[in-house]
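Peer 1: Each chain, written out:
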Amino acid sequence: MVEIEIDGKTLQVAEGSTIIEAAHQLGTYIPHFCYHKKLSIAANCRMCLVQVEKAPKPMPACATPVANGMKVFTHSDLAVKAQKAVMEFLLINHPLDCPICDQGGECQLQDLAVGYGESASKYEEEKRVVPDKDLGPLVSTDMTRCINCTRCIRFTAEIAGFMELGQSYRGERAEVMPFIGKTVDTELSGNIIDLCPVGALTSKPFRFSARTWELSRRKSVSPHDGLGSNLIVQTKHDKVMRVLPLENEDINECWLTDKERFSYQGLNSPERLTKPMVKQGGEWKEVDWSVALDYAAHALRDVAKTHGGAAIGGLLSPHATLEEMYLAQKLMRGLGSENIDFRLRQSDFSADGKRKGTPWLGMKIDDISRLDRVLVVGSFLRKDHPLIAQRLRQSAKKGAQISVLHSADDDLLIKLQARAIAAPSQLPAQLAEIVKAVAELKGVAADAALANVGAGDTAKKIAASLVSGSNAAVLLGNFAQQHPQAATLSALAQQLAGLLGGKSGFLGEAANSVGGYVAKAVPSGAGLSAAAMLKDPRQAYVVVGAEAELDCADGAQALAALRKAAVTVVLSSFKSQAMLDYAAVLLPVSPFSETSGTFVNTEGRVQSFYAAAKPLGETRPAWKVLRVLGNLLELNGFDFNSSEDVRAEVLGGQPEFVAGLDNGSDGVKLNLASSAGGIERVADVPIHFADPLVRRSLPLQHAADSATPAARLNAEMLAKLGVAAGDKLKVGAGDTVILAAQLEAGLPDGVVRVAAAHAATLALGPMSGVLSVEKA
Amino acid sequence: MALIDTINPLLTTGWSKGDDGWSLKDYEARGGYKQLRRVLESKMTQDDLIAEVKKSVLRGRGGAGFPTGLKWSFMPKAAPEKYVVCNTDEGEPGTFKDRDLLRFDPHSTIEGMIIAGYAVGAKLGYNYIHGEIFEIYQRFEAALDQARAAGYLGNNILGSDFSFDLFAHHGWGAYICGEETGLLESIEGKKGQPRYKPPFPANFGLYGKPTTINNTETFAAIPFILGMGGEAYLNLGKPNNGGTKLFSISGHVNRPGNYEVPMGTPFAKLLEMAGGMRGGRKLKAVIPGGSSAPVLPADVIMDCTMDYDSIAKAGSMLGSGAVIVMDETVCMVKALERLAYFYFEESCGQCTPCREGSGWLYRVVHRIEHGEGRPEDLDLLNRVTDNMMGKTICALADAAAFPVRSFIKHFQSEFEYHINNKKCLVDPDVQRAGSGFFKAGAA
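Residue numbers (the numbering used here), protein chains in the order written: chain C, 1 to 776; chain W, 1001 to 1443.
Please keep in mind that the hints were generated in silico from the structure rather than gathered at the bench. Please note that the accuracy of each hint is not assured.
Calculated from the model, a selection of chain C residues having no Cβ within reach of chain W, i.e. all distances over 10 angstroms [what the hints assert, rightly or not]:
#	residue
1	Asn68
2	Lys71
3	Arg333
4	Arg355
5	Lys356
6	Lys397
7	Leu413
8	Lys415
9	Ile421
10	Asn452
11	Lys520
12	Gln557
13	Leu651
14	Lys775
For lysine-lysine, the following DSS-like pairs were computed, each having C-alpha atoms within a straight-line distance of at most 25 angstroms [what the hints assert, rightly or not]:
#	chain 1	residue 1	chain 2	residue 2
15	W	Lys1209	C	Lys398
16	C	Lys38	W	Lys1191
17	C	Lys397	C	Lys305
18	W	Lys1190	W	Lys1209
Just so it is clear, the structure is predicted and the values come from calculations on it, not from any experiment. Note that beta-carbon positions come from the ideal geometry of N, C-alpha and C, so glycine has one too.
Take the sequences, apply the hints, and build the full model.
Peer 2: This is the structure we're talking about:
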């Protein structure tokens, strides 16, 4: 620690801090533009010039390290004169078009100009005009307003991992621009809107739709991936106009993924279901809530009476709130059915009944940043968990060694130590090799089941990296959790973590991947899992928040089962053609923005939120709908007056973290079989197709990440099939679809990568297994 | 002829044969690489070597005049990877000494760099050569080939355990790449933009490793310093201003060119060596150290001696030794307009005051020159320069400001005449005559 003095106040600060950090500690604000705590220091805007005793010139507070005994003056004549000088320079070429600028009212330049600018400019020459750039469907540009602080450039290079923006030309003609003919396509691109201190980069979807001071603000929680990013939802006249990050250093830091930022556009989709509907004689009719609820209650009771409760299946979206899940499982169990599940894309349920607790991340999200050795197994990390990828990217820069075991070689924009890329059926065997190699290095015996496993070079390299650290973890991604041998992968990861004295965990796929277990929205006893109740069709289904055909591991099978059912009651915020086809009753329920509720994120953190807007039309919060259904069915324990009451019953209060988190299991039999034979499917769930809300956000659907699925193959596979990229391929086992062939160099042999969760690939059935591929 | 006149030639001893004297055998015949051999064979310690350079009071010839020995002593001894970088990005208007050094005697720079590598413990060097003197870059590459073939570069130089290699790297002509950290960025393949200091290159230089950067002329002087001894070299000049210095004299003299003279030589003597004023006209002003140095009026410069201290005392800078001589036919407003345009064009665009201020300065001076000046413009120019100076990462903002301030300070009446009369104090015909390109009276 060193002692310094700022404006006469003494304080102790850590050695190596900068003046601006020290001032922050003291609560002293130093004006700045280019400085951002999460980005490297540029010291180019010069707004933060302050006076330092004995320094002949004003010093940039953002870049000047503190020294013992240093005396800093942030408001002295010298400092203020320098700051005002810089402000004058910043404004001479700035268009000062605040009245028509989207940033107006939340503009750092506007705010600081009030304090440091003159009322009129001495600059009477012609002003600079800078051509606008096309950065894609999410970020709008007015480059004439740019003050060249380079925050956006540094963000793409340092946080998003690839320098998609740069500064071309020099001097007064300097311009921030993307590569020629390219846009900004990272899954984190929207953050440059927040970072831009002026109105050069603004939100394209939000543009010209509201002024910041007209908006109401509500804290909320992201309903998408398992991270549970904290949001500020901004509304005007009960319509969500914009979503911004709410800074939470433990979770999303100050970032949001584009999915989280722009999915709100789906809230106002024309496909919103706003009135209860009932199908009568093949015709859909909009009806009153009482009619629809009566209809649903009667239909379910009839099926239960005639065929028994087990004839009903309950499918819950993992994006549903804790309260919704809890009431839904209570309803199902009240009807005498144990068939309830939220793990819609999972295909291996053999660990059920053997778990020691609720599967979770295995650590705090923030702990990820402190890991020094990481093995990521089966994860499309950058697209499935962009902000966890971002954390690992930063760790890797500080020396953490990250290795990957996966069936695709997507560029994670992270410096990797080693990677093992193998066909899906090989993953358990590959992970077993790593376990074996680590055991050998540690000089301890491996599981007897691994007796015949011999570690190859890649496994040894990964093992050597893992044992060389002091804080290791094995993280299982969505692909590993959806894998047909998921239980084996999980058990091996546990063994590996045990050998390393580290941790193992699941990267939660959805907002409530942990909450679903907590809410008991999983089958018990003879109950059927999501996959089982679709494979063995039920007489009736209750679907909450999901589009089963797109959200289940085998969409084709789900569609067939729901169509065949006598009654399907769907609680949804949206309607789709498929839904109108298979459902008997459609109950319009609130999306996350219009209901109160709770998500338990992947680290087990309980995050409750209130509605940000009134429900649209006759939409009602799902917890209320389920409560009334329970009442109508005369079930016990449905007398809740608020979602908080429901939460209290589930959690027994409002803990910060849920109890009973444990990734361990007893008696999972390792299944290292790897004979697949044929071309194996690798199915990713594209980032903007993962849930019903994001699928309806038009700006996101126009983003680069929303391309139509193709059949991706490596060069050898293309050659073997005698096709070139762009050729049409007939893909499929039973029902076939025609997809364009696409070259993806990093894919292993014997693999075709075809995205799931998309209408174009629905007919292909299960996300895993073998597909025939031939030239169309 | 390469060399016109000199007093006490060191650096220019090899220039007399023009383009025929640059090769290795010529250099060796002049005693070249003897000092390198002596250093290696006597196993001179790094400390002794640096002490010798300190004794010479050799000051950086690129412009800042920082003591070279002191700079070398800043290099951390323990660092495993270090670099020596030579700055031949001679972009300062008026300066053309380094290109002649490399053209006529490239091996003195090479020898100097190898010895510097030995002194600071670097195994690798780069010479960054201005992109607009491509033939010099080619000449230097040829010289490197010769040195490498003769065993002066590479592993175990002259059978010693010292290994050092050297590469040439040419820029593309950006002025800012002559700023040492901008130069390092450029070598690294990035946009030439200066870095914030600290950390200085001696701690965080090329590729983040400790790096010593010196000007070409500085390196070239090293073998001569070791040859005659630091003290003798110092005594050639005057205290605190050791040795000889190359001056690039341009403008309205009879014999523009490079002149090597001892530090402390009177300006009058230098002017005489350059053949005096062209056409016998009256001296009006001199920029003594490259375009960014403040201009000095005739009466002031005529009393100066050519060394760091004397010129600084007169209110300017010796800089790189580029002496721009202007006679009475020069319109100072027009001259400033041209200089202001240069800095506007060459600002890298990184720091706000320079990016925005350099264009502002140019536009106002341009207006004045074109008869659109306003009475308040001179105050405005002074205020803008005041707001630019000392507020940026590198010194380019200061470089842009100095000419403006000094031209206005010393020639205010000329600016005022322009503003009040919408025309130039110096008759256009006189200007044309003085330029040498037009005959007097021809419109």
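Peer 1: Could you run down the list of hints and mark each one as holding or not?
Peer 2: Cross-check of the supplied hints:
no.	hint	in the structure
1	Asn68	holds (16 angstroms)
2	Lys71	holds (19 angstroms)
3	Arg333	holds (63 angstroms)
4	Arg355	holds (48 angstroms)
5	Lys356	holds (48 angstroms)
6	Lys397	holds (13 angstroms)
7	Leu413	holds (19 angstroms)
8	Lys415	holds (16 angstroms)
9	Ile421	holds (30 angstroms)
10	Asn452	holds (46 angstroms)
11	Lys520	holds (55 angstroms)
12	Gln557	holds (54 angstroms)
13	Leu651	holds (51 angstroms)
14	Lys775	holds (44 angstroms)
15	Lys1209/W <-> Lys398/C	holds (18 angstroms)
16	Lys38/C <-> Lys1191/W	holds (23 angstroms)
17	Lys397/C <-> Lys305/C	violated (62 angstroms)
18	Lys1190/W <-> Lys1209/W	holds (16 angstroms)
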